[in-house]
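S.K.: For this one, chain A is given, so just place chain B on it according to the hints.
Each chain, written out:
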Amino acid sequence: MQTFGWPEALFIFRSAGWTLALTAIAFFIGSILGGAFAIMRLSRVRWLRRFASGYILVIQSIPVLMVLFMSYYGLSALGIELPPFLAASASLSIYVSAYLAEIWRGSIESVPRQQWEASASLAHTTAQTYRYVILPQAVRISLPPTVGFLVQLVKNTSIVQVVGFVDLMRAGMLVNNATYQAFQIFTLVGAIYFAICFPLSRLSRHLEKVMNASRSH
Amino acid sequence: MPAVLIEDIHKRFGSLEVLKGVSLSVEPGQVVAIIGRSGSGKSTLLRCINGLETFHAGKIEVAGHTMTQDPTKLRELRKDVGIVFQSYNLFPHLTVGQNIMLSPRITKNVPQAEALALAKDVLAQVGLSEKFDSYPDNLSGGQQQRVAIARSLAMKPKVMLFDEVTSALDPELTGEVLLVMEKLAKGGMTMLLVTHEMNFARTVADTTVFMHQGKIWESGPSKVLFANPQTPELSNFVKAGAH
Chain A
1 MQTFGWPEAL
11 FIFRSAGWTL
21 ALTAIAFFIG
31 SILGGAFAIM
41 RLSRVRWLRR
51 FASGYILVIQ
61 SIPVLMVLFM
71 SYYGLSALGI
81 ELPPFLAASA
91 SLSIYVSAYL
101 AEIWRGSIES
111 VPRQQWEASA
121 SLAHTTAQTY
131 RYVILPQAVR
141 ISLPPTVGFL
151 VQLVKNTSIV
161 QVVGFVDLMR
171 AGMLVNNATY
181 QAFQIFTLVG
191 AIYFAICFPL
201 SRLSRHLEKV
211 MNASRSH
Chain B
1 MPAVLIEDIH
11 KRFGSLEVLK
21 GVSLSVEPGQ
31 VVAIIGRSGS
41 GKSTLLRCIN
51 GLETFHAGKI
61 EVAGHTMTQD
71 PTKLRELRKD
81 VGIVFQSYNL
91 FPHLTVGQNI
101 MLSPRITKNV
111 PQAEALALAK
121 DVLAQVGLSE
131 KFDSYPDNLS
141 GGQQQRVAIA
151 RSLAMKPKVM
161 LFDEVTSALD
171 PELTGEVLLV
181 MEKLAKGGMT
191 MLLVTHEMNF
201 ARTVADTTVF
211 MHQGKIWESG
221 PSKVLFANPQ
231 TPELSNFVKA
241 GAH
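Line by line, the protein sequences are chains A and B.
Quick note: the first sequence, position 71, residue 71 per my numbering, numbers continuous.
Quick note: the second sequence, position 28, residue 28 per my numbering, numbers continuous.
Looking at chain A on its own, in the form it has when it is part of the complex (with noise of 0.2 Å):
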């Protein structure tokens, strides 16, 4: 029998650099749909705003687990193969969205109504209000909550070993299945999500510490 040894561990920490990279890509992209479907969801244009809060509610309101097995079985189902990593990349990013464009459309609309109307009566379009007044304000409010968010997404990446791809936990439970000494395996998967989410929280802890110190600089 096999015994867990260098070559496991090595396995392992290669397995978690795909739970980061899995992670960071979800994030990216999850970080630019979830930024247009929350100024969508505020548009003065109705049907834009129908479209994103309908978004929104079908992708919270569903396990993120049903948005893989479609990408991956039910897309493959009607002819079109995803390999894993895709499939599994695409479903968080879209996961990954929906939350976070309800997470900033909150923290823009927590900047008081009379920021716009100070900056509609300068003259100033749309999109330069956006752009120069309230996304700043809005960023630094919805900055801890973000991070909170990544933390949850770093654990949560573990659900793509469902489609065959071999992240951090799988790798662990890989290991275990070759060698059955999980504890000292489970102990190194544990100490990996650890060391990757605890600077996470912390830094979340110390945003929320710092924007309520000082609320503007």
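Think of the hints as simulated: they come from the structure by calculation, not from any bench.
All figures in this text were calculated on a predicted structure; none of them were measured in a lab.
Among the hints, erroneous ones may be present.
Stated by the list, open to error - Straight-line C-alpha distance at most 25 Å; calculated SDA-like pairs for lysine to any residue:
(1) B:156 x A:126
(2) B:215 x B:5
(3) B:156 x A:125
(4) B:186 x B:1
(5) B:79 x A:148
(6) B:73 x A:130
(7) B:186 x B:176
(8) B:79 x A:129
Claimed, not checked - Label pairs and their computed distance ranges (CB to CB):
(9) B:68 x A:199: 50 to 60 Å
(10) B:14 x A:106: 47 to 57 Å
(11) A:162 x B:14: 31 to 41 Å
(12) B:241 x A:114: 39 to 49 Å
(13) B:168 x A:106: 25 to 35 Å
Glycine included, every Cβ here is placed at the ideal spot set by N, Cα and C.
M.R.: Then chain B, alone, in the frame of chain A:
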């Protein structure tokens, strides 16, 4: 041509009619104070003049622009019409200097060096040159309001609107703001101000307009109007405000 021409404005909030046919003409360089109880429609009227509120019937012309819903034309109008609010509404993430330079830079493409000189000039006008690099939160209410006035002035407006600009201030801070406004008035700025400062209206405004129940109830040269109210409503209002 009048700087501001308001013709028979009607405005409803739902079924409540807040402006019931208001007409007003303001000549260039004139200072007009609008007084009245809360709910008389005075702030709503002022906000109609730069398009922050829409109206259902009537016509408004300001500084050669006709009030419109067209965003491009509305922006052109707003370049010529400054407004100062009760709650200052400075941009808290920008320094005083940045607050002032932003709009000339992005709406009129004023070059950086010129915007800087402009900002220093208007800030000197309100007596706050030393606060150029401060953030709004580090200023007193009176100072913030003076910066808000400077920010409007940097757009070189032809008409300035003041919406109860001293109402949120502690009594000892209203003086410095009123002084800046008085200087502006003497400098020939066309000004419309909604105010509770009866003394300021009487001494600085050429004309005072008393609004009541969504209408201009009474108007005239300030000194005459305050000395000889023609209606019992204004008479009561002036008496109530006197002490």
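S.K.: Now look at each hint and say whether the structure bears it out.
M.R.: Evaluation of the provided hints:
1. B:156 x A:126: holds, 22 Å
2. B:215 x B:5: Measuring from Cα to Cα gives roughly 16 Å; hence the hint holds.
3. B:156 x A:125: holds, 18 Å
4. B:186 x B:1: Distance ~21 Å between residue 186 (chain B) and residue 1 (chain B) Cα, so the pair holds.
5. B:79 x A:148: violated, 42 Å
6. B:73 x A:130: Given pair residue 73 (chain B), residue 130 (chain A) holds - Cα atoms ~20 Å apart, limit 25 Å.
7. B:186 x B:176: Status holds; Cα separation ~16 Å.
8. B:79 x A:129: holds, 15 Å
9. B:68 x A:199: 50 to 60 Å: For residue 199 (chain A) against residue 68 (chain B), whose Cβ atoms are near 54 Å apart, the range 50 to 60 Å holds.
10. B:14 x A:106: 47 to 57 Å: At roughly 28 Å between Cβ atoms, residue 106 (chain A) and residue 14 (chain B) fall outside 47 to 57 Å, so the hint is violated.
11. A:162 x B:14: 31 to 41 Å: violated, 53 Å
12. B:241 x A:114: 39 to 49 Å: With Cβ atoms ~27 Å apart, the hint is violated.
13. B:168 x A:106: 25 to 35 Å: holds, 27 Å
Hint violations for this structure: numbers 5, 10, 11 and 12, all remaining hints satisfied.
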